[in-house]
Structures are given as structure tokens and as C-alpha cells.
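J.: Read top to bottom, the protein sequences are chains A and B. If you use the working numbering, the first sequence corresponds to residues 1 to 431, in order. If you use the working numbering, the second sequence corresponds to residues 1 to 577, in order.
Just so you know, these hints were derived from the structure itself, not from any lab. Since the model is a prediction, treat every value here as computed from it, not as a measurement. Ideal placement from N, C-alpha and C gives every residue a C-beta, glycine not left out. Be careful, since some hints might not be right.
As the list claims (entries may be wrong) - With a Cα cut of at most 30 Å, we get these calculated DSS-like pairs of lysine-lysine:
1) A:LYS217 x A:LYS257
2) A:LYS3 x A:LYS148
3) A:LYS263 x A:LYS337
4) A:LYS3 x B:LYS137
5) A:LYS139 x B:LYS410
6) B:LYS54 x A:LYS3
7) B:LYS390 x B:LYS410
8) B:LYS144 x A:LYS3
9) A:LYS3 x B:LYS390
Claimed, not checked - Among the chain B residues that face chain A by a calculated CB cut under 7 Å, a handful are:
10) HIS55
11) GLU57
12) ILE59
13) ASN124
14) CYS127
15) ALA333
16) SER423
17) GLY424
18) LEU426
19) ARG479
20) ALA484
21) CYS491
22) LEU498
23) GLY502
24) LEU509
25) PRO513
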Amino acid sequence: MRKLTNRAVSVLIIAALVIIGLNLYILRYIDEGREWAMAFSNLNTDSTGDLMDRNGVVLASLDERGVHFNSDETIRVSNYHVTGDAWGRTSTGLMVNYWGRLQDFSLITGSTNSRTASLTLNIDSRINRAAYYALAGRKGAVLMCNYKTGELLCMVSTPAMDPIDVSAIPEDGAFINRCLSASFTPGSVFKLITAAAVIENIPNIDELSFYCEGEYKVAGVPIICSGEHYTQTFEQALSNSCNVAFSQLAIRLGQDKLLRYVKNLGFVDPQKLDGIPTASGSFPTEFIGDPELGWAGIGQSTDMICPYSLLRFVCAVGNGGVLCEPKLVSDGKEPVKSRYLQESTADKLKQMMAYNAANHYQGSLNFPGLALCAKTGTAELGDGTSHAWFTGFLDDEEHPYAFVVFIERGGGGLSQAGPVANSVLQTAVHG
Amino acid sequence: MDLFGTYMLNLSRVVLIALAIAILVRCLRSMLREHYDPEVWGYIRVGKEKLPIKHWENIIGRSKAADIRIDDTGVRRVHAVLVRDDKGAWRIQDVFGRGKLWVNRGYVCSASAELRDGDVINLNGVCMRLQDLPLEKREDLEKKRIGVGKNLSPALTLFELTVFQLFLLLQHALSAKPNALPMIALGFGTLIVLEWSCYNAMRIIGRLGYEVETLAFFLSTIGMSVAASSTPNDLYKQVLLLIASVALFLFHGWWLRDLRRSARMRIPVALFALLLLAVNVGFSEAVLGAKNWLEIGGYSFQPSELVKVAFVYVGSSTLDRLYRSRNLISFIAFSAICVVALALIGDFGTALVFFVTFLTISYMRSGSIGTVLLAISAAGLAGFLAVSVKPYIAQRFSSWGHVWEDVYDKGYQQTRAMSAAASGGLIGKGAGSGWLKGIFAANTDMVFAMTCEELGLILALCMVFAVLLLAFFAVRSARQGRSAFYAIAACATMSMMLVQMGLNIFGSLDILPFTGVTFPFVSRGGSSLLASWMMMAYLKGADNRREASFAVRPVNKLRSAQPPAKVNQHNEGAKKA
């Protein structure tokens with residue numbers, strides 16, 4: 001019997017494992033319990049609170065019975081990716097990311113109740129609605145930010161949904177916030193990044209001239225341009241969006257240098273908007289050779305960027321190279337500022353983008369009354385379709401707005417994304 | 001909630017935690033801290049030494065682990081097994097059958113020889129004499145043993161549990177819908193009536209060890225709270241099942257009183273278990289992946305739960321039989337069939353529970369770590385083969401450790417469980433006031449999280465410690481058990497419950513893969529409750545503190561074969577004279 005009962009120690013081993021597991025859980029609970037309790041799916045709160053836009057329009061409110069959304073359907077739908085829904089189906093929605101701000105937690109009492117906590121956003125729901133209408137059912141993204149304060153005024157992604165409509169069948173990709181959670185081929189808007197690198201690395205750039213007859217070959221591989229631009233300056237090459245000139249410049253810079261700029265300017269690694277992680281981008285890191293580098297320098301090849309990263313870029317250019325990190329939630333704090341580009345680089349880019357808008361996008365005609373600095377992009381996807389991009393900012397002390405408009409497989413940048421930008425900017429400037 | 005309600009809620013929180021801890025501490029002290037004397041059934045006299053025989057099954061040998069240790073180089077480390085049966089008849093058997101054992105000069109080969117009081121046992125030249133204790137002597141000795149409940153009144157512990165139940169009912173009254181409240185009150189009322197009538201019945205037959213039942217009722221109380229919170233309209237089922245469970249517990253305990261009957265029924269029980277599993281594999285319906293439900297007349301039940309009880313029964317064995325048939329092959333085959341059948345059903349969690357129980361039993365029976373390692377590697381190989389042939393099995397566990405990366409699909413239940421558990425804090429949101437109960441399987445697979453949410457982490461831990469306490473008690477009782485049958489059964493039961501509890505808790509909290517097994521006593525569901533209660537009978541069977549367990553025949557009821565033995569002895573004495 002003793003021989004046998006000595007072996008009962010095996011039961012104690014299992015018991016010890018259970019105890020170890022419990023300790024592990026307790027440690028985790030102390031460490032991560034707050035995070036768990038703050039998860040949006042936790043319904044243990046009697047907190048009441050409103051989620052308001054910058055004008056005090058209530059987008060969503062929380063009371064004992066749950067979440068309620070604005071009564072206006074277009075407000076609900078155009079702000080879908082801002083508020084999210086009660087099921088937390090969009091990962092960027094504030095229901096997911098800011099639920100915790102509506103409740104309190106302590107290790108002893110768990111989630112505590114009965115707190116009134118309201119959250120005011122920098123978003124302007126009117127601008128969001130205008131952007132939503134301007135996209136007119138196309139898949140796309142519109143971002144707009146005050147580059148002097150970092151206030152994010154507009155964030156719309158389509159297709160969107162009505163957050164209160166449980167039974168709606170979601171359109172393909174409706175849960176994805178194209179502003180933050182996806183990356184796309186940038187096409188010619190990428191030339192802004194190449195240009196920034198060129199300005200800082202090729203000192204006599206304004207003395208150079210570029211010759212384009214619509215196509216040229218690098219090591220036998222053709223690089224095709226959208227037109228025949230003949231002799232042009234650097235400034236003219238950007239406004240012509242000349243592939244020949246920019247691929248040559250990219251090759252001259254070299255892959256390493258260009259990659260360093262793409263990385264340092266935040267186009268590769270995920271960024272954070274008020275703690276909400278954004279999608280990462282890509283630029284070739286393996287050696288690719290000159291022809292492919294030529295294509296990569298003009299935003300083709302395997303380049304991908306997230307619209308939000310581009311917004312940060314144009315914000316910094318508009319603000320003389322200093323980036324005020326965009327903020328979704330208004331908390332009254334000073335914006336976080338950082339040196340993003342050299343001031344001279346930013347000024348040079350601004351000047352070139354102003355030249356673009358005035359001379360090539362018929363600024364006074366297409367964008368009446370706006371001091372626009374901009375760049376278009378038409379990213380060829382190789383199947384005959386293209387992404388339409390339009391990005392830039394207003395050089396206007398009173399309306400310092402930077403923006404990114406993106407339409408997935410939308411066609412030409414100026415013809416498709418341009419009018420969306422105009423309509424959003426007009427709403428922002430004139431109300 | 002109004003001010004009065006808030007006050008009552010806070011009061012009940014404090015009281016519940018204090019009472020739960022008090023109940024556990026009282027049970028702990030009386031189960032583990034108090035000293036209990038062993039039973040003595042006779043003596044072995046070697047020279048001038050008088051070695052007590054403390055069990056019904058004893059190993060005589062030179063080894064330190066021998067029950068009757070004879071420190072003489074002539075004696076082998078494990079030499080002979082000395083067995084006493086229910087009827088008081090002694091037998092002795094050479095462990096290895098190598099012919100180094102004589103009784104009264106008679107040569108004992110591989111079979112066992114009957115022994116009587118005064119018989120001489122010759123172990124390879126070392127002689128000793130068996131001294132049986134007549135009934136009167138044993139009764140005298142029994143009176144000198146410290147009885148259970150002398151220092152810690154079981155009635156007071158039970159009273160604390162009753163107050164605990166009333167305060168839990170109060171918490172439910174604060175949150176439940178008015179039309180559900182009478183049913184909930186009936187549920188807790190049934191618990192109180194059951195535990196006190198059971199206690200009184202035990203007192204009437206003179207049994208005072210009531211810790212196992214108290215802990216089982218404590219766990220069932222939390223189970224009742226879980227059922228009242230999640231499915232108040234179905235509560236009558238839980239009440240009926242609880243009554244049936246306690247009845248089956250009493251029956252099973254009574255059944256185990258007779259060692260010979262218990263041991264003889266192992267094969268029929270094994271066949272019954274296999275039949276249940278066959279029916280399960282053949283006819284059951286798939287409920288979310290696992291085909292472990294069987295529906296009979298509107299009631300669904302899980303046959304695998306009853307097979308658990310049978311598995312422990314079949315795995316247990318008396319010591320002499322253990323040495324007689326030294327291989328485990330028939331038990332290994334039985335276990336393999338059970339585990340494979342469960343895997344076929346898709347109930348991997350229960351299959352794992354069975355497998356670990358199999359390891360405990362086979363280690364206790366063989367003492368060979370090699371066997372255990374072999375079994376583990378064989379199971380690992382089988383698992384690897386299964387996964388490579390049917391990769392979808394691996395997918396079921398793919399979210400393990402990454403549940404927060406997929407909170408809408410694969411990590412849905414676990415992330416909900418974790419945020420609900422955390423939001424309860426240490427003291428809970430109040431019984432019936434959680435939201436996790438609305439999530440599928442909250443009251444079974446995620447019951448630990450649900451308890452954390454509603455009753456708080458402290459009470460949830462108390463619930464775990466109640467099971468741990470039962471396990472420690474099983475190990476302690478096993479050391480003084482009459483027969484290896486009870487010792488193995490008690491230890492196997494508790495390792496089964498521990499594994500099951502571990503998988504339940506840690507699966508829902510993403511520390512282990514989520515397999516969906518029940519928490520003994522607490523998870524809602526009849527078959528699980530039935531099985532948990534029936535298994536408690538094994539613990540009662542092993543508990544032979546003085547006048548403690550109804551499942552152990554008291555010393556004064558064990559007489560039968562004594563007189564004829566005495567007559568024989570007289571005859572022999574006469575001859576010698």
C-alpha cells in the first residue's frame with residue numbers, strides 16, 4: 001500500500017500545475033486586466049457619455065441601454081469608420097479604440113460604473129458628409145487635417161455602413177477603413193517623396209534639365225511616360241509628372257538613399273493615429289536593379305503607401321517641414337511637433353506644388369478661390385485600371401488644410417479625385 | 001439600483017467572500033491538519049517485534065516503501081502480499097512467485113495461501129507469526145482512535161454554507177426578474193434541504209466526516225448560481241438533477257462499501273462503459289463540432305460524463321490482483337478505446353482528461369515512469385498523425401495564444417471571457433448581473449470567467465481551492481486506505497477532476513487551447529453534475545478515519561469469517577498441546 005500510495009504524488013504534480021496556471025492568470029490579470037476590461041466588447045459599464053464632433057454634433061451616445069447613434073442616416077454612414085458600430089466590426093472605430101475612455105477600472109472592483117465621460121473629436125461631420133457624397137458610391141478614402149494644429153477634420157472611407165442597421169449585408173470591404181487600414185499603389189504622388197530626396201541630395205537640381213520623348217530604355221527595359229515633355233526643368237518635370245525625368249532621378253539617387261527617405265518619412269512602418277495603428281507600406285528593400293528602381297521611383301513597382309502616411313507628408317510640407325501629428329480626439333493639448341523635412345526642402349516642394357496647381361490643374365477653374373498646392377497620382381495597376389490620387393494643401397493662413405483623396409480603381413487622378421478634393425475643401429473653407 | 005440595493009449588494013459581497021474562506025479553512029483544517037490514527041487489523045510478530053498491520057493489503061519486504069518492513073537481508077525488498085478481505089479472511093502470496101514463501105512449513109508457490117491467527121510465515125528463512133485481532137480488540141482500538149469532527153464541528157461548517165447560500169440568493173434577488181425569483185429560491189432551498197437531510201442521515205448512522213459533501217455542496221451552490229443567472233427558466237432541471245446526483249452519490253458510496261463486490265464488478269462496468277461510448281459514437285448529434293450529446297426523450301445528456309465514473313472504477317485494482325496480473329494490457333486497451341472513441345466524437349478535451357487519468361492510474365499501478373513516458377510519446381505520435389492526416393483538427397487550436405488578434409471569430413469566446421472576468425474585479429458585479437452569460441457556452445466552458453465576473457476573482461479562486469482541497473484529501477486518505485482499490489480510485493478521481501478543471505479554466509483564459517470541457521459541479525449540465533457527485537463516492541470510499549464515511553464499513557460491522565478461524569486455531573492449539 002505504501003509503495004502505491006507514494007505514487008499518489010502524481011496527483012500533487014497535477015495540482016501543482018493547476019496552481020502554477022492560476023498564478024500565471026493572476027499575474028496576467030494584474031498586468032493586462034485593465035486592457036481586457038477596456039475591450040470594447042465589455043458591456044459592464046453604466047457610464048453615460050457622448051461622442052461628439054468638433055461642432056458638438058453627437059455622433060454616438062452611450063447610456064444604460066447601450067449605444068445610440070445620430071438620427072441622421074447620412075451622418076451615421078459618413079462617420080461609420082470614425083464611430084464604428086456596437087459590434088466593433090471596424091477596427092479603427094472609436095467604439096473599439098475609445099470605449100475604455102468611457103469607463104474606469106480597478107483591480108479590486110473591476111469595471112466601475114456610473115461615470116459621465118464625453119469625447120469630442122476634431123472631425124467635422126459636415127466635411128465628412130460632403131466627402132461621402134463626393135465619393136458618390138466609389139470605393140475610396142478622404143482625409144483632411146489642419147496642418148498647423150494637427151486636428152484631423154475629415155476621415156471618410158467608402159463603402160461604409162449604417163451602424164444601426166444590423167441586417168444590412170456589408171459591401172465588400174466595408175469594414176476596412178481605407179484611410180488608415182490599407183495601403184495602395186501610389187503612382188505619381190510618390191514623385192513628391194522622390195522629389196524631397198532629390199532636393200536634399202542633388203544640390204544643383206535647378207540647373208539640370210531633363211529630356212523626354214515619351215519613352216526611354218534603362219538597360220534595355222523601357223520606361224514609358226504619359227506624354228512627350230521634351231526639355232524641361234525639375235519643376236516642370238514634377239508638374240508634367242514626367243516618368244522619364246523622375247525615374248532617371250531615382251536611379252541617380254540609388255535605391256538605398258531613396259529607401260531611407262521612404263522609411264524616414266514614415267511610409268513603410270505602421271503609424272499611429274491617436275493610438276490606432278495604421279497599415280504599413282512597402283518599398284523594395286532587396287536589390288532590384290536600375291530599371292525596376294526607375295519604376296519604383298515613380299510610385300509603381302511594388303510600392304504601396306497608406307493614405308494616412310501621405311497625409312502626414314503633405315501636412316509637413318504645408319507647415320514648413322514641421323509635422324504636427326494628426327489627432328482624431330480633441331483633448332486641448334498642444335500638438336506633438338517634430339521636424340519631418342528640412343525647411344528649405346518643404347518650401348521648395350510647396351513652391352513646386354503651387355506651380356503644379358496653378359499651371360497644370362487649372363487651379364482657378366477647377367478649384368476656385370483656393371490657394372492650392374497639389375499633386376495628382378494615377379497609379380497603373382497593370383489590368384487597365386488605375387487608382388486615382390489627389391493630395392496637397394491650401395497655402396492659406398486662415399485655412400491651413402492638408403488633404404489626401406484616394407479612389408480605388410477610380411481612373412485619372414485629376415479628373416476623378418480632383419473634384420472630390422475641391423468639394424471637400426470648399427465645404428471646409430466656405431461651410 | 002437604489003441605495004438600499006447597493007448597500008445590500010456590498011454587504012453580501014463581503015459576507016460571501018468571508019464565508020467562503022471560512023468554509024474552506026474549516027474543511028482544510030479538519031481534512032488535512034488534524035492527526036488521524038491508522039486502523040490496525042492485526043500484527044506481524046518477528047522475534048520480539050510487533051509490527052501493526054494497517055491495511056487490508058500489505059506488502060511485506062525489506063524496502064522502505066513496504067507496509068510491513070522486515071530489515072533482514074534474507075527477505076526480498078518486495079517479498080509477499082498479505083491480504084485481508086471484507087470477511088476477515090487472511091491470505092498471503094509470494095509477489096514474484098519464486099518460491100521463497102512457506103506458511104506453517106507448507107510451500108506457497110504462485111497461488112496465494114490462506115492464513116489464520118497464529119500461523120507462521122517463513123520468508124526465505126525469516127519466520128514471523130500472524131496475530132489477528134478479534135473483533136472486541138479491534139473495537140477497543142477503534143475507540144482510542146481520534147474521531148473526525150471532534151475539534152471542528154461539521155454542523156458549524158454546514159451552517160456557514162447555509163448562510164452563504166442565503167446571501168447568494170439575496171444577490172440573485174437584487175438582480176433577477178421577479179417571475180424567475182421563486183424558481184431561484186426553490187433552487188437554493190433544495191440545496192439547503194438536501195445538505196441538511198444528508199447531514200442528519202449521516203448522523204443517524206453515526207457518520208461524522210462531512211467535509212467532502214460540504215465542499216461538493218459548496219461547488220454545487222456556485223453551480224446553482226451560474227444556472228440561476230444564465231438559464232433561470234430551466235432551473236427546475238438543475239434542481240431535479242441535483243437531487244438525482246446526491247441520490248446516486250449515496251448509492252455509489254453504499255456500493256463501494258463491499259470491496260469484493262466492487263472489485264468483481266469491474267468487467268461488467270467496463271463493458272457498460274464501452275457500450276455507452278459505442279452508442280455515443282453511433283447515434284449522438286453533433287453540437288458545434290463535438291458529437292458528444294445524446295438526446296433521449298427531450299433530455300440531452302453526455303454519455304462521456306458517465307464513462308468517466310466507469311473509467312475510474314475499471315482502472316482501480318486491489319493490490320494482490322495488481323501483483324498477480326502484472327501487466328496493464330487489458331486496462332491499456334480499455335483506455336485506448338475510450339480515448340479513440342472520444343477523439344472520433346470530436347471531444348478532444350475529454351479525450352485528454354481520460355488520457356491524463358490513464359497516466360495517473362497506470363503510474364500508480366505500475367510505478368514505472370517508463371510506461372508513462374511511453375504512453376505520452378505514443379499519444380503524441382497518434383496526435384501528430386491525426387493532425388497530419390486531418391489538418392482541420394489543428395485549426396481548432398490555431399487561435400491559442402493569439403485570441404486578441406481575432407476577436408470576432410476564433411478568439412470570440414476567449415476574449416469575451418477575459419474581458420468579463422477582468423471587469424468583475426476581485427469582488428464581482430453581483431450574481432445575475434453579468435453579461436457573459438449571454439455568450440454561447442458561458443455557463444459551461446467559460447464558467448470560471450462567468451464566476452469571476454459575477455462573484456469576483458476571490459470566490460472563483462475559492463471554487464478552485466475547494467477542488468484542490470479534495471485532491472489533497474484524496475492523497476492523504478490513500479495513505480491510510482484499507483485497499484489499493486479505494487486509494488487508486490480516489491487519486492484517479494481527483495486527477496481527472498483537476499485536469500478537467502485546469503482545461504476548463506485555462507482554456508477559456510487562453511493559457512491553454514480552448515477545448516470546451518466542464519468544470520466539475522459548477523458547469524451547468526446534468527451529466528457533468530451527476531458524474532461529479534458520483535465520483536465523490538470514491539473519495540468517501542477511501543476515507544477511513546474513525547466513523548467518518550458512510551462508504552466505509554465500520555470496524556464493528558466486519559466480523560463474519562472470524563469464528564471459524566478461531567475454531568481452527570483452537571484445534572491446532574489442541575494438537576500442539
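J.: Any of the earlier hints contradicted here, and which numbers?
T.: 2, 9, 13, 14, 15 and 25
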